[in-house]
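4 protein chains.
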Amino acid sequence: MGIVLGPNQYGKAETRVVRVYRDGPVHVIRDLNVSSTLRGDFAAAHVDGDQANVLPTDTQKNTSYAFASEPGIAEIEDYALGLARHFVADIGPVQTARVQVEEYQWDRIGAPDAGHPHAFVRSGQEVRTTAVTVQGDQAWVVSGLTGLVVLKSAGSEFAGFLRDEYTTLQDASDRILATSLTAAWRYAEPAADWAGAYTEVRETLLERFANVHSRALQQSLWEMGKAVLEVRRDVAEIRLSAPNRHHFLVDLAPFGLANPGEVFHAADRPYGLIQCTVQRDDAGPAGPAWDSPAAFC
Amino acid sequence: MGIVLGPNQYGKAETRVVRVYRDGPVHVIRDLNVSSTLRGDFAAAHVDGDQANVLPTDTQKNTSYAFASEPGIAEIEDYALGLARHFVADIGPVQTARVQVEEYQWDRIGAPDAGHPHAFVRSGQEVRTTAVTVQGDQAWVVSGLTGLVVLKSAGSEFAGFLRDEYTTLQDASDRILATSLTAAWRYAEPAADWAGAYTEVRETLLERFANVHSRALQQSLWEMGKAVLEVRRDVAEIRLSAPNRHHFLVDLAPFGLANPGEVFHAADRPYGLIQCTVQRDDAGPAGPAWDSPAAFC
Amino acid sequence: MGIVLGPNQYGKAETRVVRVYRDGPVHVIRDLNVSSTLRGDFAAAHVDGDQANVLPTDTQKNTSYAFASEPGIAEIEDYALGLARHFVADIGPVQTARVQVEEYQWDRIGAPDAGHPHAFVRSGQEVRTTAVTVQGDQAWVVSGLTGLVVLKSAGSEFAGFLRDEYTTLQDASDRILATSLTAAWRYAEPAADWAGAYTEVRETLLERFANVHSRALQQSLWEMGKAVLEVRRDVAEIRLSAPNRHHFLVDLAPFGLANPGEVFHAADRPYGLIQCTVQRDDAGPAGPAWDSPAAFC
Amino acid sequence: MGIVLGPNQYGKAETRVVRVYRDGPVHVIRDLNVSSTLRGDFAAAHVDGDQANVLPTDTQKNTSYAFASEPGIAEIEDYALGLARHFVADIGPVQTARVQVEEYQWDRIGAPDAGHPHAFVRSGQEVRTTAVTVQGDQAWVVSGLTGLVVLKSAGSEFAGFLRDEYTTLQDASDRILATSLTAAWRYAEPAADWAGAYTEVRETLLERFANVHSRALQQSLWEMGKAVLEVRRDVAEIRLSAPNRHHFLVDLAPFGLANPGEVFHAADRPYGLIQCTVQRDDAGPAGPAWDSPAAFC
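Residue numbers (this note's numbering), protein chains in the order written: chain U, 302 to 598; chain G, 302 to 598; chain W, 302 to 598; chain D, 302 to 598.
Derived by calculation from the structure, the hints in this document are not laboratory data. These figures come from a predicted structure and were not determined experimentally. Be careful, since some hints might not be right.
Under 7 Å between C-beta atoms, here's a sample of chain U residues computed to sit facing chain W [said to hold, decoys possible]:
#, residue
1, ILE304
2, VAL305
3, GLN310
4, LYS313
5, ALA314
6, VAL329
7, LYS362
8, THR364
9, THR468
10, GLN471
11, ASP472
12, PRO571
13, TYR572
Restraint ranges, calculated between C-beta atoms of paired labels, are given here [to be verified]:
#, chain 1, residue 1, chain 2, residue 2, range
14, W, PRO555, D, ALA412, 17 to 23 Å
15, D, ASP583, G, LEU470, 41 to 47 Å
16, W, PHE549, G, ASP582, 43 to 49 Å
Far from chain U by the CB rule (all over 12 Å, computed), these chain W residues [unchecked claim]:
#, residue
17, VAL327
18, ALA496
19, LEU553
Each residue gets a CB set at the ideal place from its N, CA and C atoms; glycine is no exception.
Chain U extracted, bound-state conformation (with noise of 0.2 Å):
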């Protein structure tokens, strides 16, 4: 019975790059944060400490920044191919290639229509996000965004549930609920318009998740997600995780007040987390298993 080296993976992580364009007066700035981690013939490193196949995790940073140069940041989707790519490509011991990119956004300061050419304020909390995969001549790019924030205070019920010796929850027939949501698509096929197709199932998620009548988070998981799967063809799968922030109303009658679902306590801990994948029936394979980093262990 041997002692073996199993599965590794090494890369830099949280590569903050910001690009300006700036050839005209109206500038452009996309805001990144930038981890690439690679997979291959890393053994001798580990086993040997002989580091003759290890590009250095500085080299995966100076490589983030220079592809930031040339060819640019068209989208994150096109900027992470190119990446992931240029390691299998072109670096021998490397079999895997995997480049994860989070995307700050910013508007920029003014009006809608008139905004400032040079200055910029940050929009919104959510973090658009993508995870490319290359490995040889194949690639998989798995969409996302993070932490978009969403409640709604009508429209959701949560009741007719199982019960057992631990149950202490009532059915409710009029509660808040609210999350912040994490959703990741892969694409069937490259997107002809990434920033196209991001708003849309953005705006497709957060239409269904205002417009279905909730019966469970789940319920509501399943139908943005279907939701998503029937206006965008070029995905295949759509995955969501949704934290239930629990919004706890608050007993009002020691005060000689009623509380008809107006004074809450919003509550951190504990909180539910419903995840689900939604997906096509002929999706394909998804890719190589792939442990993100936040998982390894």
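Chain U is already provided as a structure; the job is to place chains G, W and D on it using the hints.
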């Protein structure tokens, strides 16, 4: 030489109060984080362990919820004034009360002019704040915002500064200027329209940040503060605190690439921290000195 | 081409359970953060909004508290196994349950050998963890730690690495090596003494980190993992995840000062991220693939 | 009625300075987070954009690193005094300087009495702090700690408090008392042994927290502060800030279980916040009023 009790205060921090107004089909939500702090005749609680004068922080929490029901939350300044006046007027040992409120902003899901009646998405990153202090018959209202993240990619320089033996920084005639602004302005008198005043101050700060050609963050802050005092006659002073979020130009020359102000590394730490007050020369007293909880030690 | 529900799971995350054993004058505390996740027959909850099969996450929270009373918390592995087996055995629709526990460590105030009977101070930064998965009659126990921050100021080099056109890093024959270690090891069988096993693994990891002359973080991790498998026959595999917390030598030459490995800038981001698994060649199956909540999307 | 520049200050925040002493085989590390703030003749920088008087924050960072080399870091108080005196003495426009330092503690890996010469593990959660203010020839040293997390599972009550119409809390004769302590003490004169003083104050605080039968957190803080002044003649005053980290007894009666002070829910928010100063009646002036960066707005 005796040992005595010095300044002391206590309260309930970070009560998360959510109020839904649902009188008609179109709901309104107010999403607050409320902290109250009391000063007064509390020596016995410390020195003798006698709690007879101590209103429990749990009661302060309850009061925050009850006041969210009645009289409700018109604007956070009204709500905080009501709470602070209650503690001073109705709780015998309390001589001074401070109520601090953070408000999280929500947009309606959907079109700006046709938003959903009861579904919302968190907007922006900045948080609207107020800190109300009541002592006897007097009240001071200091409202503000925190986390307003702004960046300009042109119109900023930093040159002609003092040099000593530890100076290696070069003059910069064109740099990125970025900050996460915190501002707090003291009202000389109650605003006729707290929400309108907030919006006007915020827009004035953004406009000046965008349009002042900045020879240093100090100058931008001064111009921003001065403009607020010019447009708001009811503001006696404004304090501005701005971390200088450095964006360093990446040296791409080793890779054969020019970098004419295009690719930057956004650094986390250290950061410059520029802080100033702009005030009227007859601003009047700012109220009792009051350590924020964060600054008490 | 239809649209179908894919993998899904739900549960209660981050229930903060504190148990005090106070049978005698000397108290013992167990301070936990508990998350449970269930998989099974929950399609109707999504597709039809029918909650008849759904055990509320509120009930899962209640169960976490009840089990902290009876049978109590001997070790977190026992507690998690009890909870997970209950969900699978007693809740019809549940096919698989995962219970993750973080435990925060406390020392007694006072002398190590004569500590206080009921007063405690939080010790260390690291958190002891376990993730228990139960499916039918089978159970997998993966215990670990996170946030073990270590540094060595000698005995670390990084040289002879692969160079390409984007490489600017120089060979380092003497550098600071620092990381915040996360480790997770899967038991091949239940440990006779979970706490003793934890202590032995932790000490083995620390000893190897300290005493292996490191030619790269990869090599340190391999040696650390290998040593754990050598001393613990009951461990089938161990996964290690280590951010390389870079310490950059500061250039003091402009100030007329030498810097022979003495003054460093500790950087936050970006960081290298090195991850590997060390396993027995007959390690056996690792249990059902299971996305962590963080990795679900 | 004119608009004028009021109080202002600027500096470099959170420079992460690590110093390794490696003169012999046994290394010593000092791991600091350094912030400097300057006040003086900086009106022109604001009003006219003239930076001639402004020492760049980048230079302040450089100086922090240079002083870590020469004269080095004996104790953080010495280091901060040296930096602050330099800014006031050598930089013309500077009238007052404040240097704040956080120090992270490391233990040697291995046996307490036979630790490793150059391998370390981060110890504890608390951070040692100092805030040194220099104005002209005067200096004030306020040292402290933050993040000292303590809990007692007996010897704490809260009863006989003031009740009003919003009070629902019941008297508690036996409860968990837990806090994350921040303390800051001002030296009347330089300590002969800064590190020894720190250790003695920390141990005194812990001993009193543990052994005072607490009728309220206020009483515990008073007794803790008083004891520090009794054992340290060189301390003029001490400020204590203590969030009351509530542990709520869980109602297990619905599950047929008693809960005699055994199973608790540890709540995050809201929390009580108790703050007091204990001082000598001839404590003397505390130095110039100085807003912490956090409290500036």
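Each hint tested on the structure:
{"no.": "1", "hint": "ILE304", "verdict": "holds, 5 Å"}
{"no.": "2", "hint": "VAL305", "verdict": "holds, 5 Å"}
{"no.": "3", "hint": "GLN310", "verdict": "holds, 5 Å"}
{"no.": "4", "hint": "LYS313", "verdict": "holds, 5 Å"}
{"no.": "5", "hint": "ALA314", "verdict": "holds, 4 Å"}
{"no.": "6", "hint": "VAL329", "verdict": "violated, 24 Å"}
{"no.": "7", "hint": "LYS362", "verdict": "holds, 6 Å"}
{"no.": "8", "hint": "THR364", "verdict": "holds, 5 Å"}
{"no.": "9", "hint": "THR468", "verdict": "holds, 4 Å"}
{"no.": "10", "hint": "GLN471", "verdict": "violated, 10 Å"}
{"no.": "11", "hint": "ASP472", "verdict": "violated, 9 Å"}
{"no.": "12", "hint": "PRO571", "verdict": "holds, 4 Å"}
{"no.": "13", "hint": "TYR572", "verdict": "holds, 6 Å"}
{"no.": "14", "hint": "W:PRO555 with D:ALA412: 17 to 23 Å", "verdict": "violated, 43 Å"}
{"no.": "15", "hint": "D:ASP583 with G:LEU470: 41 to 47 Å", "verdict": "holds, 46 Å"}
{"no.": "16", "hint": "W:PHE549 with G:ASP582: 43 to 49 Å", "verdict": "holds, 48 Å"}
{"no.": "17", "hint": "VAL327", "verdict": "holds, 30 Å"}
{"no.": "18", "hint": "ALA496", "verdict": "holds, 20 Å"}
{"no.": "19", "hint": "LEU553", "verdict": "holds, 22 Å"}
Of the numbered hints given earlier, the model fails hints 6, 10, 11 and 14; all others are met.
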